[in-house]
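Enquirer: Full structure from sequences and hints, please.
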Amino acid sequence: MVALLQAVFSGLALGGIYGLVALGFSITHSTTKTFNFGQGEFLAAGALIGVSVVLMMSGHPITAALNPGDVTPLRYGIAVIVSFAVLGLFGAILYFTAVRPFIGLSGLAWVMSTIGFGIIIQNTALALWGPTPIVMGSPVGNDVIRIAGAGILPQEILVLFASIITMVLLDIVMRKTRFGKAVRAVAHSRNAAILMGINVPAIVVIAFVMSSGLAGMAGILVVPITTASVFMGLSIALKAFSAAILGGLNNPRGCILGAFLLGLMEALIGLWHAELREISIFLVIILVLVFKPEGLLGQRQVEKV
Amino acid sequence: MSQLKKLIQISLAIIAITLLPLSTDNGFYLKIFFMIGVNYLAASGLNVLVNYTGQKSLGHAGLFAVGAYTVALLTTRLSWNPWLAFLASGVVAAAFGLIIALPALRVRGPALAMVTIAFGIVVEKIVSEWQDVFAGQQGIYGVVPLSIGNMPFNAQQWVWFVGGLGLIAHLTLGSLLKGKYGRAFAAVNASELAAESVGISVYGFKVLAFIISAVTCGFSGALIAQQNQYISSDFITFSLSIFFLLIVLFGGKSTYGPLLGAIVLTLLDAFLARWPEWQHFTYGALLLFGLYIMPNGLSGLVSGIAKKLKLGSNQSGVTNYDAPSQAWRGDTIDQQTKNETLLSAQDLCKAYGGVVPTHHVSLELKTGHIHSLIGPNGAGKTTLLNILSGIVKPDQGNIVFLNTAITKWPAHKISNLGLARTFQNLRLFTDMSVLDNVKTGLHARMKSGLWANLLSLPNSKRQEQEANVKAQQILVLMGLADRALDLAASLPYGMQRRVEIARALATSPQLLLLDEPAAGLNPQETHELIDIIVAIKKLGITVLLIEHHMDIVMAVSDHVIVLDYGQKIAEGRPEEIRNNTRVITAYLGEDDNAADSNDTISHGSADLAGGTHA
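Here the protein sequences line up with chains A and B, keeping their order. Residue numbers for the first sequence follow this note's numbering, beginning at 1 and rising by one. Residue numbers for the second sequence follow this note's numbering, beginning at 1001 and rising by one.
In short, the hints are calculated from the structure, not lab data.
Pair ranges (Cβ atoms, derived):
{"hint": "1", "chain 1": "A", "residue 1": "Leu283", "chain 2": "B", "residue 2": "Ile1008", "range": "45 to 53 Å"}
{"hint": "2", "chain 1": "A", "residue 1": "Ile93", "chain 2": "B", "residue 2": "Lys1461", "range": "52 to 60 Å"}
{"hint": "3", "chain 1": "B", "residue 1": "Glu1129", "chain 2": "A", "residue 2": "Ile93", "range": "30 to 38 Å"}
Derived, one-sided and incomplete: chain A residues facing chain B with beta-carbon distance under 10 Å:
{"hint": "4", "residue": "Thr97"}
{"hint": "5", "residue": "Met112"}
{"hint": "6", "residue": "Thr114"}
{"hint": "7", "residue": "Phe117"}
{"hint": "8", "residue": "Glu275"}
{"hint": "9", "residue": "Ile279"}
{"hint": "10", "residue": "Leu283"}
{"hint": "11", "residue": "Leu289"}
On a predicted model such as this, the values are computed, not experimentally measured, just so you know. By construction, the Cβ of each residue, glycine as well, lies at the ideal position given by its N, Cα and C atoms.
Expert: What follows is the structure, given as structure tokens:
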């Protein structure tokens, strides 16, 4: 029972991370029908940049080891913001170099080019930080909190809160603001949006900035639970994409639902047979694709013949 | 002539493969030759999947692993003969190819790419974490290499062997892609709906393409494991999947593409091995900019230069045909007695949420008749056509065609039974020649099988010749004979419409559904269309025509069915429909003067159509 509660908490924290990345997939897919296949590398870059920001603020070079007292909430907060901002910039570069030249072309050239961009980011990161994982403590302490006997890491609670707040904010922005309405208009029909005077190119760039920024933020948030490394991103990004498919790629709320379901599933299966975690998740996704390809909350796209 | 040329090419290739390993005894160079062969072998199958069928897979390292671990486990644990184990690796890989193809039924494009990544990752996790069987990073030693007598292959023999395999793959896949299978793959790539509508099983051909690519990747894996006599989980990485994909994308869509790609990238790989940090960086840059600079890959670049050097050479490989001596007659079109029920639909319903485009519609089509389906925009005409042709499944109701219940059949099966269709928004295979478009329509009538086409057996060649003649005959009938070798996309709009009708006719249908064939045609072309429809009727083919041009409908129809808001509101002979008050109301609204309705129907509705379809 205690173990179960513990697994539920870490599952929710994982779900928060997946949710942020899944939202990133959703926002670019709904506006451009493309998304970043290098999102995992972006996430890793966000994590490494965030860690480096904390290191620099504590007066260390970026390859040094962190002392337990170095990670203060203020520094960590700044690191999250810097990660979001730098990765957002990467997102804009990604859009102009890897996505825009191929939008509207047949084939999936943008899949290749975004993977290529990711590989370049990964190798640059490898040259800067090396392959060894970097350990960083949590800004809210590393002592296990006991709730009903279950041990929970403070960072898990922080991740859960931070991701839920971000998701709620994003939901409000998308539903209430002019910008959000413009994004949804572009998602619905690019041409109609242009005719209504919406600056579609700007919306699309912002979509990529937000998508990559969210990935960077997710990266620095997850570091105190796992570690920061060049290779940390691929499996998180894959599961986040699975979450988006599970919930419905074009429905942001669906993506969040899918993310938490997937996080819980992963944690609970991990409790039973740790080595089956990934395999079972991907099997579930294949089943979902077979029986409900539009996802739990997604709308089936009807092709006009 | 072309036979001789091919023979010379093959002989030259054999000589090159024979001499190359003899030119050096430097182990490093021999290893590079071997790697070029292995990479080419993997890429040759992947080329069919990625470039011809248009399915991007990012998980083929997983299939490589399947082949490698099959020989490793069979030879070390079960002491199989290395040759038998090598063959088994292809079979097992084919089975896994089938598994990875299963999601292809439901997802396409980027989601499928993600699924294949997931497949690759799962295989990678299994071989690295299931230590008892696959020995993880430590790897399996003592994999038994291929041998002659009891002597394991030496470095030169390995190059010869892989060169021979590569040549076989090149010749068989080249022969496959040239014939009906190649056209079917290309059709699936260009338009899945159109492929289904001419009787090609989209799912079947996707699965076949996955299996072909799985077999060649599996053999590559087996070769690596047997040549190294070792395999470990370190070989199986996401980068390997990307490397394979890079070879075929970089090589380009051509049977020579993978060869060019494999040579250039293997050499690059070997060259950059000294600076590992630059190795992946280069792949990244190639992926990012390669398709931007060379959208058709290396082979596209080469053939582009070749084309410039000798202008006017014929790319499609077919040269001038003699005009066919006989006029075309469909294969399976029997001169049936007229007025028999060909197709009957009972109580069809289809709803999309609150929109109900088909509401309890029943209809009956008689052999030898031209039936027209008319109604205001949004009346549900196209939806009804989609239901009849199997593209949309009805919520309820049933359809009987040629005394067979086809309600639940997939579209390609319905097409093979004898129901062809055209599309309101043209769905031609735009990258193919007009002739190939029509030959794609003949696909299901060509009875040669996979092996006959792989091995270029006489049967498949004869079928191909017959298809050429039949396609020419159809093009003569449609007045397109002089455009046979042009790209379909290069034709003017009116002719493209005729190509689509020609392609539908090629399936030898009993029933032809035409969805607004006159949309976008000028008056001259519209008149020619009437002649074509009448000619089709004379061939004994029953027609169901959706049309807004009332002059066509009134000129050719034997029977008119009128839909409004998804319901059938009238049917009968054209002159009956012309005077039917419900029809007039549907088109023009209530409270109209019935006296001058004859006139207004034809003109008013044509305007209606023009206004909303422009």
